[in-house]
Amino acid sequence: MEVPILKQGAFLIATFQAALSDADLNQLRMGLVQQVVKFRSRAVIVDVTAMDVMDSFASRTLREIAHMIRLRGAETVIVGIQPEVAFAMVQLGLTLEGVATALDLEEGLAYLNEKFKSTN
Amino acid sequence: MSAGEIRVAIKSDQDIVVARQRGRALAAELGFSSGDATLIATAISELARNIVSYARKGQITVKMVNGMDRQGISVIASDEGPGIPDIRQALRDGFSTSGSLGLGLPGVRRLMDEFEIASEPGRGTTVTVKKWKP
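Protein chains in written order, with our numbering: chain A, 1 to 120; chain B, 1 to 134.
Certain hints may be false.
Claimed, not checked - With the C-beta cut set under 7 Å, the calculated list includes, among others, these residues of chain A facing chain B:
(1) 19
(2) 21
(3) 53
(4) 84
Read the hints as simulated data drawn from the structure, not as lab findings.
Every residue, glycine too, gets a C-beta built ideally from N, C-alpha and C.
With the hints as constraints, model all of the structure from the sequences given.
Shown next, in the form of structure tokens:
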């Protein structure tokens, strides 16, 4: 299952589906970094609203995506972690340290617009 | 296989997704809240991933269980892989031999109400976890 990546100005938006396998996540990781390079994007929003399970592999992949994108000089914001998923992540001991998060896509876009407005 | 029981063969990362989706559906069918179903599905995902990472193949069984005065769900992850030489070490946070996060087993223990593990080097591992309905 491929994750659609949308270009929105200087930002990229990747929307996760529920049933992502490890292979899908790995593919997304490479795809996103390549697109950031191709479009010279300033930031990536990863929308995980539809994800009903965030296990250790998925959260590690998200952290890796954020770190790789940072190395390209761009920023990552994870949006839409559901309350139940957040609860399970905490129980499991998973953190997304050093990765920006926002409530939903709208908040994520607002955060990035604000951030890049001041530096432009 | 009786009603209220599912069995998923685990051979690849795609099977992990199937196991957790079917496990969540069964949990919902048994009347678990959506929050508890998420915890159960997450535990299944971690246990199935351990099978793929360490044993390559195995099986996840999810079924209804009856306690003295309560109903619950049990998840059994079994494989015939290399087994775990030191179970105490494997249950410590941060321990891993496969280059993963090493949060698997202690994390799964926290997600569920009961946790049991039996492992014999060279013979395989069986992890049984349960969650009771409040």
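Structure-based check of each hint:
With 7 Å as the threshold, the beta carbon of residue 19 of chain A comes within range of chain B, its nearest partner Cβ sitting at about 5 Å, so the hint holds. At its closest, the beta carbon of residue 21 of chain A sits 5 Å from a beta carbon of chain B; the interface hint therefore holds under the 7 Å criterion. Contact between residue 53 of chain A and chain B, as hinted, is supported at the beta carbon level, the nearest pair being about 5 Å apart and thus within 7 Å. Hint on residue 84 of chain A holds. Least Cβ distance to chain B is approximately 4 Å, under the 7 Å limit.
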